[in-house]
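In order, the protein sequence lines correspond to chains A and B.
Mapping to our numbering: the first sequence position 96 is 360, numbers consecutive.
Mapping to our numbering: the second sequence position 309 is 318, numbers consecutive.
No incorrect hints appear here.
Below, in silico cross-link-like pairs of lysine-lysine (DSS-like), each with a Cα-Cα straight-line distance of 30 Å or less:
no.: 1; chain 1: A; residue 1: Lys348; chain 2: A; residue 2: Lys388
no.: 2; chain 1: A; residue 1: Lys369; chain 2: B; residue 2: Lys313
no.: 3; chain 1: B; residue 1: Lys309; chain 2: A; residue 2: Lys369
no.: 4; chain 1: B; residue 1: Lys123; chain 2: B; residue 2: Lys104
no.: 5; chain 1: A; residue 1: Lys369; chain 2: B; residue 2: Lys329
no.: 6; chain 1: A; residue 1: Lys338; chain 2: A; residue 2: Lys388
Derived from the structure by calculation, the hints contain no laboratory data.
Since this is a predicted model, take the numbers as computed values, not measurements.
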Amino acid sequence: MKRNLVVATLVVFAFSSIFLLSSCAKKQVITEEKVVEAPAPEVAKEEKAAVPAAKEEKMEEAKIERLKELEEAKKREAAIDEEKAWMERRAAKFEAEALYFDFDKSFIRLEYRPILQEKAAFLKDYPDMRARIEGNCDERGTNEYNLALGDRRGSSAKNFLISLGIAADRIETISYGEERPRGLGRNEASWSQNRRDDFVLVR
Amino acid sequence: MKSILVSKILFSGRVISQLLIGILVLGIGIIFETNDAEARLYIDITSPSMRRISIAVPDFKCLGHKNEPPELGSKLAGIISNDFDLSGYFRPLDKGSFIEGPGAGITRDSINFKDWSVIGAEFLLKAGYECIGQQLKVEARLFEVFSGNQVYGKRILGLVEQSRYLMHRLANDILFALTGHPGPFLTKIAFVGTSTGQKEIYLADYDGHNLKQTTSHRTITLSPRFSPSGDRMIYTSFRDSGTVLFMHDMIKGGTKKISDREGLNIAAAWRPNGKELALTLTISGNPDIYLIDTTGKIVKRLTKNWGIDVSPTFSPDGEKMAFVSNRSGSPQIYILDLRNERVERLTFEGSYNTSPAWSKLDRIAFAGSSDGRFDIYTISPDGGDLRRITRDQGNNEDPCWSPDGRYLAFSSNRTNGNYHIFISNANGENQRQVTFFARDQLSPSWAQQVK
Numbered sequence: 265m266k267r268n269l270v271v272a273t274l275v276v277f278a279f280s281s282i283f284l285l286s287s288c289a290k291k292q293v294i295t296e297e298k299v300v301e302a303p304a305p306e307v308a309k310e311e312k313a314a315v316p317a318a319k320e321e322k323m324e325e326a327k328i329e330r331l332k333e334l335e336e337a338k339k340r341e342a343a344i345d346e347e348k349a350w351m352e353r354r355a356a357k358f359e360a361e362a363l364y365f366d367f368d369k370s371f372i373r374l375e376y377r378p379i380l381q382e383k384a385a386f387l388k389d390y391p392d393m394r395a396r397i398e399g400n401c402d403e404r405g406t407n408e409y410n411l412a413l414g415d416r417r418g419s420s421a422k423n424f425l426i427s428l429g430i431a432a433d434r435i436e437t438i439s440y441g442e443e444r445p446r447g448l449g450r451n452e453a454s455w456s457q458n459r460r461d462d463f464v465l466v467r
Numbered sequence: 010m011k012s013i014l015v016s017k018i019l020f021s022g023r024v025i026s027q028l029l030i031g032i033l034v035l036g037i038g039i040i041f042e043t044n045d046a047e048a049r050l051y052i053d054i055t056s057p058s059m060r061r062i063s064i065a066v067p068d069f070k071c072l073g074h075k076n077e078p079p080e081l082g083s084k085l086a087g088i089i090s091n092d093f094d095l096s097g098y099f100r101p102l103d104k105g106s107f108i109e110g111p112g113a114g115i116t117r118d119s120i121n122f123k124d125w126s127v128i129g130a131e132f133l134l135k136a137g138y139e140c141i142g143q144q145l146k147v148e149a150r151l152f153e154v155f156s157g158n159q160v161y162g163k164r165i166l167g168l169v170e171q172s173r174y175l176m177h178r179l180a181n182d183i184l185f186a187l188t189g190h191p192g193p194f195l196t197k198i199a200f201v202g203t204s205t206g207q208k209e210i211y212l213a214d215y216d217g218h219n220l221k222q223t224t225s226h227r228t229i230t231l232s233p234r235f236s237p238s239g240d241r242m243i244y245t246s247f248r249d250s251g252t253v254l255f256m257h258d259m260i261k262g263g264t265k266k267i268s269d270r271e272g273l274n275i276a277a278a279w280r281p282n283g284k285e286l287a288l289t290l291t292i293s294g295n296p297d298i299y300l301i302d303t304t305g306k307i308v309k310r311l312t313k314n315w316g317i318d319v320s321p322t323f324s325p326d327g328e329k330m331a332f333v334s335n336r337s338g339s340p341q342i343y344i345l346d347l348r349n350e351r352v353e354r355l356t357f358e359g360s361y362n363t364s365p366a367w368s369k370l371d372r373i374a375f376a377g378s379s380d381g382r383f384d385i386y387t388i389s390p391d392g393g394d395l396r397r398i399t400r401d402q403g404n405n406e407d408p409c410w411s412p413d414g415r416y417l418a419f420s421s422n423r424t425n426g427n428y429h430i431f432i433s434n435a436n437g438e439n440q441r442q443v444t445f446f447a448r449d450q451l452s453p454s455w456a457q458q459v460k
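Extracted from the complex, chain B is given alone in its bound form (with noise of 0.2 Å):
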């Protein structure tokens, strides 16, 4: 049963041309190896609420010579235990709780396994390192505790530098074999940030780590929007005249403007065949949501409303657009059927209900506000089943989905008044501070890994 699923992620395009790349780009090899456990998908996933299952991961072994980095056993199983951590399926254990002597390894017959199962651990993740120049060779282990079984194992080689990436492709191959889901480990996220005291947009990976400024345009840079597979982002920036639309090429690195008509050019939204592009123009004297290509060229007008109507978002089929509008005196959410052209109220609790942002998995979450604070919040697109993601805990804003539609991200100003980027499942449990750069962070967009 275990192999059948190995060869079949062995031979499945994907992994393969993952391999290549990974040997050939990056010097990374993935060697498999058989093991007696018993395949079963050990986390259901798809249960709306679940129990995190407590899982222990030591400093990794060194396995090589003496004189190698020691602190780099602790850095390792940090990452990934960080990665677990964030999952929303695991919990941790405490590293002062361990009891294990130091005479312990990495393999089955050299684990006592009574001294992780009295600390109350499910899982244990044993692993190894080994230092051969510039490259680092890591070898893991997944123990089901209770039984003493391997459940998963494998050896991977990459770069030192690339240590963080090592772990969170590692982190990913573990959950991909106890859920059948790959984790969102290797995705990125991009904000916008006012260290410099301008307004500029930033890349980092999910969990906050390897920072990069994307755009120096020393003025106010807003609503980055990655495009479905995460090959392009597109943002407003100022100018002299006022708003323009850009687009950055996330591989090529090369920026070009989009649309710089007169008035507003602001908060773009990918259609998922990412041919196509909503945002919000004042060409007709207010504010309207117009359908443009990735040249900017017009396609179509789709709100001609007196009120405002701004923040589209497409749902997965791209046959609906979810958006904000005042037409009813406060701004509210609505829905546009782009087959028939109706358009339906989604929210009716609260004053202000803001930032739509439709899942791959056909939820909407949004900013609403009801007391002068606001919170996160998902519904249905049919208007049911609406639920509260934060409470009491601040400002809450901008929410934004992973690219599997399993976590959201949002801004909240909850720890000292700035804001800051936050995730958590999609029902809003283990929310998580995830960036802590000075001033605010802002307006987060979920990439998936660009392949």
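The shape of chain A in the complex, shown without the other chains (with noise of 0.2 Å):
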């Protein structure tokens, strides 16, 4: 008798570390929960086969455990989810709002600096992100004066930034000059659109 209690209490802390273990690693692959999960019930399904029924109580308590942490485990990673949308929408933001400029001038106008602000926080809290600066002109002046141009209209956007505290190395430029116009007509609707800073993310 006293012989068939140690088997028992041997198999039962066999098995438990067996439970141990797959719920240990399970904490650690939350994206690959179904591929865990499906062992998980048949180790249960073991020990209630091999436990006496003395011991089904604690299983039981056990196994409401193990359902806790998937649950957890699931609004983990539906958090992890709506963080991660939203990363893309504040990204998506980034890339979308453009800096524009007055006609020679490569000064950040006092209405952008929100945007700017906006964008700094962005690289701050991903800093895993690096950021290109696209400077643009309209098509008047010489393509030559314009190339400079954009180059100063992608620095004055850099500088900004860096006054902001993100690092210089998180962020290149480059000018495009009057090269890339988006707005194609010889008016000032289409020149103010073209005086512009874009902003791409180099993931």
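From these two lone chains plus the hints, build me the complex, please.
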């Protein structure tokens, strides 16, 4: 009898280690939950078969515990999904919002400061992200002067972001001068669209 | 007197080497004919404004068999007549006004000069041609209509397929005989073309014919600039990381990267010694002009200013450099003296002055705007004698000079909204469109004939 008890204890110990191990693994591999989930009921079934009725209550507790963990993992995942979606929304906004400039000028107009502050906040929240600023000009003047002007427009935005605490090596600039117009007309409506800094995330 | 001039031409090394090259490589021979005309320069091209001399160029006469290409006589006359027109010195008369009968020949005694004086011709070019297999033989005689004197005569021989080249040589020779200076007829113009939807560099004869696409980067390629001898061409092209300065060998055809520094590598200009280039770099964080050698190594930083410094161009002696800077607020042209590093502002009129080009004859052309539209101007390097070259004809930009400084080329959208290349005399007279290709032709650079 005593011998049987020892054997039973050993069996319980062995199975609960397996159980513990598997739940450990589960915690780590949240995204692969389905793969890990499959063997879990099997373990429980074996347990039921091997363990005497006296231990069933304990097993039930473990099972509840395990379900709770699964629930939490799902919540965590949902939270991460939400976070990811939030990040993507902010990233899309980062890339969509351009800065516009006055003719032949490269200073940041007052109304665009909040946009740059928002961009800086985004880069702070996601330290793995890098940004490319593309400076553009309207068609008036020479390609050469406009390449230089586009460079200055890119640098203006870069320097503003640096002043808000973003590391210089996380921002690159390129000037397209007058070569990538958005508006194709030869009028102020098109030109004002073309005097701009575009922002691209480098992931 | 004429024979002295002829022998001077014959025995000058340049002409002899041209003859040798012609005979050996291209199969062109030039035979001088003696004539009894008094030798003098008929046209003084140094006068600031000239009356254009009227000239009649009837179709070349077929001297060989009747089955030779009949349209060739009209084609050859058309090429040389267009050269005369583009030269700015002549006014070719309309063929429709010619009254000479078909019996007339190409020699003095077979021409009734009254047929030509009555329609107002001052000069008459008579020529005949003969095809021998792939070879074309042309005999040309230029007469002064009033006196009936032959002032020029020559036979040239070459390949039929090179007939444009042969006619340009003949035109050059005639202009040299009349003015003491060769014409621009053997020069080439490179420009940026957008016909593929991208920007690539193209090369054409000065009259827009014989078009070839030089680059195929399939991206934005800009600012072609020929070396002083025409043997190399630099240009800027975009890569993923930005602009790169390239050098193209016009003779061997290879291309190499000259400057690929972070940021801008744009708007390079040759120093007249052909050994150094000035270009705009942003390695200091600001667009400044640097002097580099032809391997790309920095020789010297030329401008240090908070503003934009671009578009350098050197004086004929290479000691001064004009460039564009916005250091006073708007883009204006400045001149840097490389010997004492002093900078002086050149342009004060207008809100936007850019694209300076310094000619071999010491004049600076630029594009300026005061009312939103751009026009070409020229100015003396000391700031005096400002002249407006274009007016009320669309936008006119990117001026460049012919290698001898006697002609201007620029891009203008005056005809149909697209930009095409135009050439004119240095004083702006005789503006002629020379490129008619699809979409835009921009930013010309003018090369002398590669020897």
